[in-house]
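Participant: What follows is each chain in one-letter form.
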Amino acid sequence: MRVTLKVLRYNPEADRAPHWESYQLEAEPTDRVLDLLHNVKWDTDGTLTFRRSCGHGICGSCAMMINGVNRLACKTLVQNLDTDTITVEPIRGLPVEKDLVVDMAPFFQAFKAVKPYLINDDPPPERERLQSPEERAVFDEGTKCILCAACTTSCPVFWVNGTYIGPSAIVNAHRFIFDSRDKGNGERFKALSGGGGIWRCRTAYNCTEACPRDIPVTELIEEVKRAIMVNYV
Amino acid sequence: MAHIHDVLIVGAGGAGLTAALFAAKNGANVGVITKLYPTRSHTGAAQGGVSAALGNVEEDRWEWHMYDTVKGGDYLTDQDAAEVFAKETIEGVIELEHMGLPFDRLPSGKIAQRRFGGHTRNFGEAPVRRAAYAADRTGHVILHTLHQQAVKYGIAFYNEFYVLDLLFDDDGRAFGVLAYELATGEVHTFKAGAIVIASGGYGRIFKTTATAHTVTGDMQALIYNKGLPLEDPEFFQFHPTGLFPLGILITEGARGEGGILRNADGERFMERYAPTIKDLAPRDVVARSMFIEIMEGRGCGPNKDHICLDLTHLEPDVIEKRLPDIAEFARTYAGVDPVKQPIPVLYTAHYSMGGIPTTLWTEVIKDENNTVVPGLYAAGESACVSMHGANRLGTNSLAELIVFGRRAGIASAKFAQTYKPHPLPPEASDPARERVDKILSSSGGESVSKIRKELQESMMENASVYRNEERLSKQVKIVRELQERYEHISIQDKGKLFNTELVEAFELGSLLTVAEALVHAALNRTESRGAHAREDYPERDDDNWLKHTLAYREAPGKVRFAYKPVVLGRFEPKPRTY
Chain A
49 MRVTLKVLRY NPEADRAPHW ESYQLEAEPT DRVLDLLHNV KWDTDGTLTF
99 RRSCGHGICG SCAMMINGVN RLACKTLVQN LDTDTITVEP IRGLPVEKDL
149 VVDMAPFFQA FKAVKPYLIN DDPPPERERL QSPEERAVFD EGTKCILCAA
199 CTTSCPVFWV NGTYIGPSAI VNAHRFIFDS RDKGNGERFK ALSGGGGIWR
249 CRTAYNCTEA CPRDIPVTEL IEEVKRAIMV NYV
Chain B
26 MAHIHDVLIV GAGGAGLTAA LFAAKNGANV GVITKLYPTR SHTGAAQGGV
76 SAALGNVEED RWEWHMYDTV KGGDYLTDQD AAEVFAKETI EGVIELEHMG
126 LPFDRLPSGK IAQRRFGGHT RNFGEAPVRR AAYAADRTGH VILHTLHQQA
176 VKYGIAFYNE FYVLDLLFDD DGRAFGVLAY ELATGEVHTF KAGAIVIASG
226 GYGRIFKTTA TAHTVTGDMQ ALIYNKGLPL EDPEFFQFHP TGLFPLGILI
276 TEGARGEGGI LRNADGERFM ERYAPTIKDL APRDVVARSM FIEIMEGRGC
326 GPNKDHICLD LTHLEPDVIE KRLPDIAEFA RTYAGVDPVK QPIPVLYTAH
376 YSMGGIPTTL WTEVIKDENN TVVPGLYAAG ESACVSMHGA NRLGTNSLAE
426 LIVFGRRAGI ASAKFAQTYK PHPLPPEASD PARERVDKIL SSSGGESVSK
476 IRKELQESMM ENASVYRNEE RLSKQVKIVR ELQERYEHIS IQDKGKLFNT
526 ELVEAFELGS LLTVAEALVH AALNRTESRG AHAREDYPER DDDNWLKHTL
576 AYREAPGKVR FAYKPVVLGR FEPKPRTY
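Protein chains in written order, with the numbering used here: chain A, 49 to 281; chain B, 26 to 603.
What the hints contain is simulated information worked out from the structure, not anything from laboratory work.
Every residue, glycine too, gets a C-beta built ideally from N, C-alpha and C.
Check before you lean on any hint, since a few could be wrong.
Listing some non-contacts, in silico: residues in chain A with all C-beta distances to chain B over 10 Å [to be verified]: (1) Val51; (2) Leu56; (3) Tyr71; (4) Gly103; (5) Leu129; (6) Asp130; (7) Val149; (8) Ile194; (9) Asn209; (10) Gly243; (11) Ala252; (12) Thr266.
Lysine-lysine pairs mimicking DSS-like chemistry, simulated, CA-CA at most 25 Å apart [claimed, not checked]: (13) A:Lys231 - B:Lys589; (14) A:Lys231 - B:Lys329; (15) B:Lys50 - A:Lys160; (16) B:Lys251 - A:Lys54; (17) B:Lys216 - B:Lys232; (18) B:Lys135 - A:Lys231; (19) B:Lys589 - B:Lys251; (20) A:Lys238 - B:Lys177; (21) A:Lys160 - B:Lys177.
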């Protein structure tokens, strides 16, 4: 089939402002949007710039806004889009560095702020710490996160408020708050409760819809809110 | 810009991050350079499990694991490395758990374990549950857990830096790295007391591969260009079950959970090739069996060009809970629901057993006498300590990362204590800048993507699952011609900021270089062993070939070979049947 790929492009070395460029391409319905971007880059315009690595939705490099929705370019097939005009823009709320490449530093800063690692100063046993399958299941969803930023950069609060840590950081906090082996909730609740913290969430649900790993992001955020209230009030 | 660290690590996958943590725990100031972000590394795509004889589900012993690893490697495995590995992975997996890794659990609360290809109880009797796992995203949780620990320890990362050159002093000691920063186009200088290479494999030399676009053998190519050898580059693994036709990995854990490979007649054909462990035979055996089934006209589909992986007899809950990611891959990319229909699969380029030769403590060596290159270490897929021999067993690579990544961290931190700052002449960075300028200023007209496509397609045709003299000789010529054309590439993006077209050009140079080592070594080895199957030399030849290849680049297209004896010991080479 014939498709039109419209990409919002911006090269700070040459352009004063972002602008749209269109490419006419032959595509199979089963082609990924990433394949189309590669076709342009490899056959037509080598300056088209985007991040990618694994090509099958596990490395988290290629989150972009495709037909107005945050998705991974490698997990979005042409046939999923029900249209022959495909628009691709960078994810929102992070500074654009070139074309579809954004500065991820603020995103990872927020991730680090919630202390996203196991906190437990007890000397570990000789073998593994024991954890029941039920205890393990409670935080399973958060372990799927690939840090692609699709959720955080779909969040209206993140767009307008420069300091909100965003859904991804909260998902990664959830993964440890509900881990029976972790003892760091005091520190983590503090990081989550400040002005840029979890209470900024307005449950817009965009994050849940954006997650390419089908993590119920809003639900996890609500669970963290409840945990903080139960522990603080 | 210039940076100084005690230990500098190139690569931020499982081996690099483990090395970084253990170097930091041993007092070193650590810097990690990666051409990606750490969490984008290809370790994250590993699915099925990490091997360790924990014995959580049934009796298991490290000796059995060692035996399976040696036999799986078709006796080219160095047995001292296999012993270190099988013992230390037990502690390594426990340490991962202590770091917070979310393993699946047994009702007893212990780490869950599943079956995997080639892993057996009591020296080959029957499959054993040895692979510790987290659903089918074990590599993902290992990568993320190590990354979380790196955040905790405040490790310094240089993300999206591409390494252009390694610096050695007059005594041959490695002391620095030059790297190109993608965001700015600047070349940075790094000085270090010790350097650890942990940069992964080079699956992208082949057309059909389970590996990421960025798995391009950059550091192997750099080492080989410096006149240092690559060990056993002819041994490259094809994973039997890549999702057809894309090649995306479908974990062997699917067969570990009971999945069955079937041909067009619906026959469980592995019963004929490996009567004892059937679908759980090692990957080289299964890939070749599939090839034969297709060649003899029993392939599936209208074109009889693939095989079916049948999970439909499994409980839907097993698929959804233990194999959720691969179920989703099948639904997303092939439109197949594995609960109801078999998954179309075909072998896919997966893993290089060969690499930068090292000692048991990951020190890089430069000859058959194990002469160490001071200050230089390598671990993980980029290295060849030779614990995989001629064929790697599934789940042994994640385990390798933690065992030898840890050894690299400890050894490099210790060595770095002897560091004395090297004066760096300003011209030291000239060769690296020249590499950048040469491509940016070239108007030769050859296309990076066209050369890469020709390389990948011809390697698939001439140097993949089955090989012979005629096709390998042809491929030697093709690679050389492509290298000559590569000298005349030009790119459109001449900018400094995020010039990913330039990086793809560098990566193609790496692919062409490692492909050269592979095809020359494959042509040179006139026997069949593990993943290296020669139609014209179908038997293993222990009298002449029970030895490791060391491939040296004397000039482009001109390769010299030396040989290193295999470290034997506990297990005498025997015919390999399953």
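Participant: Taking the hints in turn, state whether each one holds.
Facilitator: Each hint tested on the structure:
Even its closest Cβ contact with chain B, about 18 Å, leaves Val51 (chain A) beyond 10 Å, as expected for a residue assigned away from the interface. Listed as a non-interface residue, Leu56 (chain A) keeps its Cβ farther than 10 Å from every Cβ of chain B; the least gap is roughly 15 Å. No beta-carbon of chain B is positioned within 10 Å of the beta-carbon of Tyr71 (chain A); the least distance is around 14 Å. Interface exclusion of Gly103 (chain A) from chain B breaks down, the closest Cβ pair being 6 Å apart, not more than 10 Å.
Listed as a non-interface residue, Leu129 (chain A) keeps its Cβ farther than 10 Å from every Cβ of chain B; the least gap is roughly 14 Å. At the 10 Å boundary, the C-beta of Asp130 (chain A) stays outside the reach of chain B, the nearest C-beta of that chain being 16 Å off. Annotated as non-interface, Val149 (chain A) brings its C-beta within 10 Å of a C-beta of chain B; the closest such distance is 5 Å. For Ile194 (chain A), the condition that its CB be more than 10 Å from all CB atoms of chain B is violated, with the nearest at approximately 7 Å.
With a least beta-carbon separation of about 24 Å from chain B, Asn209 (chain A) lies farther than 10 Å from that chain, consistent with its non-interface assignment. No Cβ of chain B comes within 10 Å of the Cβ of Gly243 (chain A); the nearest lies about 23 Å off, and the non-interface call holds. Listed as a non-interface residue, Ala252 (chain A) keeps its Cβ farther than 10 Å from every Cβ of chain B; the least gap is roughly 25 Å. The Cβ of Thr266 (chain A) lies farther than 10 Å from every Cβ of chain B, with a closest approach of about 20 Å, so its non-interface assignment holds.
Annotation: proposed proximity of Lys231 (chain A) to Lys589 (chain B) is violated, straight-line Cα distance about 51 Å (limit 25 Å). Taking the CA atoms of Lys231 (chain A) and Lys329 (chain B), the gap is about 56 Å. The hint is violated against a cut of 25 Å. About 20 Å separates the Cα atoms of Lys50 (chain B) and Lys160 (chain A), which keeps this hinted pair within 25 Å; it holds. Distance check on the hinted pair: Lys251 (chain B) and Lys54 (chain A) sit about 44 Å apart at the alpha-carbon level, beyond 25 Å; violated.
Taking the CA atoms of Lys216 (chain B) and Lys232 (chain B), the gap is near 37 Å; set against the 25 Å cutoff, the hint is violated. Using a Cα cut-off of 25 Å, the hinted pair Lys135 (chain B) and Lys231 (chain A) holds, with the two alpha carbons roughly 20 Å apart. Straight-line distance between C-alpha atoms of Lys589 (chain B) and Lys251 (chain B) comes to about 20 Å, which keeps the hinted pair within the 25 Å bound. In summary, the hint linking Lys238 (chain A) to Lys177 (chain B) is supported, as the alpha carbons are separated by about 17 Å, within the 25 Å threshold.
A threshold of 25 Å between alpha carbons decides the hint, and for Lys160 (chain A) with Lys177 (chain B) the separation of about 9 Å falls inside it, so the pair holds.
Violated hints for the displayed structure, listed by number in ascending order: 4, 7, 8, 13, 14, 16, 17.
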